[in-house]
Amino acid sequence: MSPLAAGLANVFGILVALLLLAAELTWVERRLLGFWQDRYGPNRAGPFGMLQIVADMIKILFKQDWVPPFSDRSAFVIAPMIVMVTLFLAFAVVPIAPAIGVASHLDVGLLFFLAMSALAVYSVVLAGWASNSKYSLLGGMRAAAQMLSYEVFMGLALMGVVVLAGTFDLAAIVRAQRGLWFIGPQFVGFVIFVVAGIAETHRLPFDLPEGENELGAGFHTEYSSMKFGMFFVGEYAGIVLVSALIATLYLGGWQGPLLPPILWFLIKTFFFVGFFILLRAALPRPRYDQLMAYGWKVMLPLALINLAVTGAVVVARAAH
Amino acid sequence: MLSALRTLWFTFLHLFRRRETILYPEQKPYLAPRYRGRIVLTRDPDGEERCVSCYLCSVACPVDCISLQKTEENGRWYPAFFRINFSRCIFCGYCEEACPTYAIQLTPDFEMSEYERPNLVYEKEDLLISGTGKYPGYSFYRVAGLAIPGKDKGEAEREEPPVDLKGLLP
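Listed in order, the protein sequences are those of chains A and B.
Residue numbers 64 to 383, in the working numbering, belong to the letters of the first sequence in order.
Residue numbers 583 to 752, in the working numbering, belong to the letters of the second sequence in order.
There may be inaccurate statements among the hints.
[To be verified] The following residues of chain B were derived to be distant from chain A, with all beta-carbon distances above 10 Å: (1) LEU584; (2) ALA586; (3) PHE592; (4) LEU597; (5) ARG600; (6) GLU602; (7) ALA614; (8) VAL634; (9) GLY727; (10) PRO731; (11) PRO743.
[What the hints assert, rightly or not] Some chain A residues judged to face chain B by a derived CB distance under 10 Å, without partners named: (12) GLY97; (13) GLY274; (14) PHE334; (15) PRO347; (16) TYR351.
For the record, the hints were derived by calculation from the structure and aren't laboratory data.
All of these numbers come straight from a predicted model, not from anything done at the bench.
Don't be surprised by glycine CBs; every beta carbon is placed ideally from N, CA and C.
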């Protein structure tokens, strides 16, 4: 295969796989939630109910696509696209296996991910703002405050990994974990990144932007049909992305004995996808001020201490 | 934080519990004998219709889903038509409570879905069953004082012959 064909296969393969995965996750989530609530979940359409998503897709595509007359039309339409585009772009830097990955050798890979996840905030804010309704606006505001403040220590937590690996290149970070996965030396950073990742994808228990019992559906209250579907796919793509990054940065990415690299990557990723869903099944939502206090008063100092200690240890080792 | 982890663990353990769901079409749920489902009209032990068109069920119905018309034949009252609109019925059972002759009864059957709404309107022939339902021995005309062909006044069960008010003998 020529390099161009291989590159194209990589790009479209990952794109399609991610899209299908994000869609299928709706079924996975409902099924797992069902199990954890002593139910079955959707188990009718196709084997184990796997074709549920096909039925859901048909339904959501044929729903009325309504743009409220009081909304800011252009921003309203663009908002759901932003979340999908940024999250899929961020996936470009994730090294899935040694030869699979769109731009896994990008030398600012980690920064690219942070930039894209910061851009994803725009989608939520714009959606809340353009909807021109009070619940959407409140949801959008919450989302902006939450995601920006959690982004701060997400970046700081990641710096611990960068200090240890000495690079922003994600594939190189994976290679740097050949001897010891970073979850060992960077356990605090790992915990902080997982918490920040949950907040970043605004999943439960940090789903205050869409807190149903207070805000209707939060920032996507006014969305219908496939525009809503795009937010949904974006959310699940976000879960996959954050899980993949946790696996890449802290659990040695594709590395592991016996099984082929891609399988190891998928196992680690899906472990965290399952964990995210378990969080939703188990934990209640905190109050908004608790969420902000938790971020700024606990997580940020912890991330700073983690970074300082990691840096000190690395410098001390280099001095020897 | 610790309690959160504890919660996570206990929630995870539910993966290995027994499922509470009854997979309905394959697995039928237990329905109590007094479950309030599809409404039927029963017959008395002689095979005659029990309904005497007193309209009490229609009056008692909170959603007005029962309509009927009285007709008379040889001194007995029958419904000329008896119609229940099951798309409105809420299966409250008030009609059964109101019925003085045990004619209208609710059965433990709820599988009556239709693709078209008009098909949910049941006529008398759809509602009438051949049996007596929950009250096997009961026949209204056998205990009622009303005179019908073959049974004059005073011939019903536990009924004295009528007293001749104009007679002089005790």
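Comparing the hints with the structure gives:
{"no.": "1", "hint": "LEU584", "in the structure": "13 Å, holds"}
{"no.": "2", "hint": "ALA586", "in the structure": "6 Å, violated"}
{"no.": "3", "hint": "PHE592", "in the structure": "8 Å, violated"}
{"no.": "4", "hint": "LEU597", "in the structure": "5 Å, violated"}
{"no.": "5", "hint": "ARG600", "in the structure": "7 Å, violated"}
{"no.": "6", "hint": "GLU602", "in the structure": "5 Å, violated"}
{"no.": "7", "hint": "ALA614", "in the structure": "23 Å, holds"}
{"no.": "8", "hint": "VAL634", "in the structure": "47 Å, holds"}
{"no.": "9", "hint": "GLY727", "in the structure": "58 Å, holds"}
{"no.": "10", "hint": "PRO731", "in the structure": "58 Å, holds"}
{"no.": "11", "hint": "PRO743", "in the structure": "67 Å, holds"}
{"no.": "12", "hint": "GLY97", "in the structure": "8 Å, holds"}
{"no.": "13", "hint": "GLY274", "in the structure": "18 Å, violated"}
{"no.": "14", "hint": "PHE334", "in the structure": "12 Å, violated"}
{"no.": "15", "hint": "PRO347", "in the structure": "9 Å, holds"}
{"no.": "16", "hint": "TYR351", "in the structure": "18 Å, violated"}
Hints 2, 3, 4, 5, 6, 13, 14, 16 from the earlier list are contradicted by this structure; the remaining hints agree with it.
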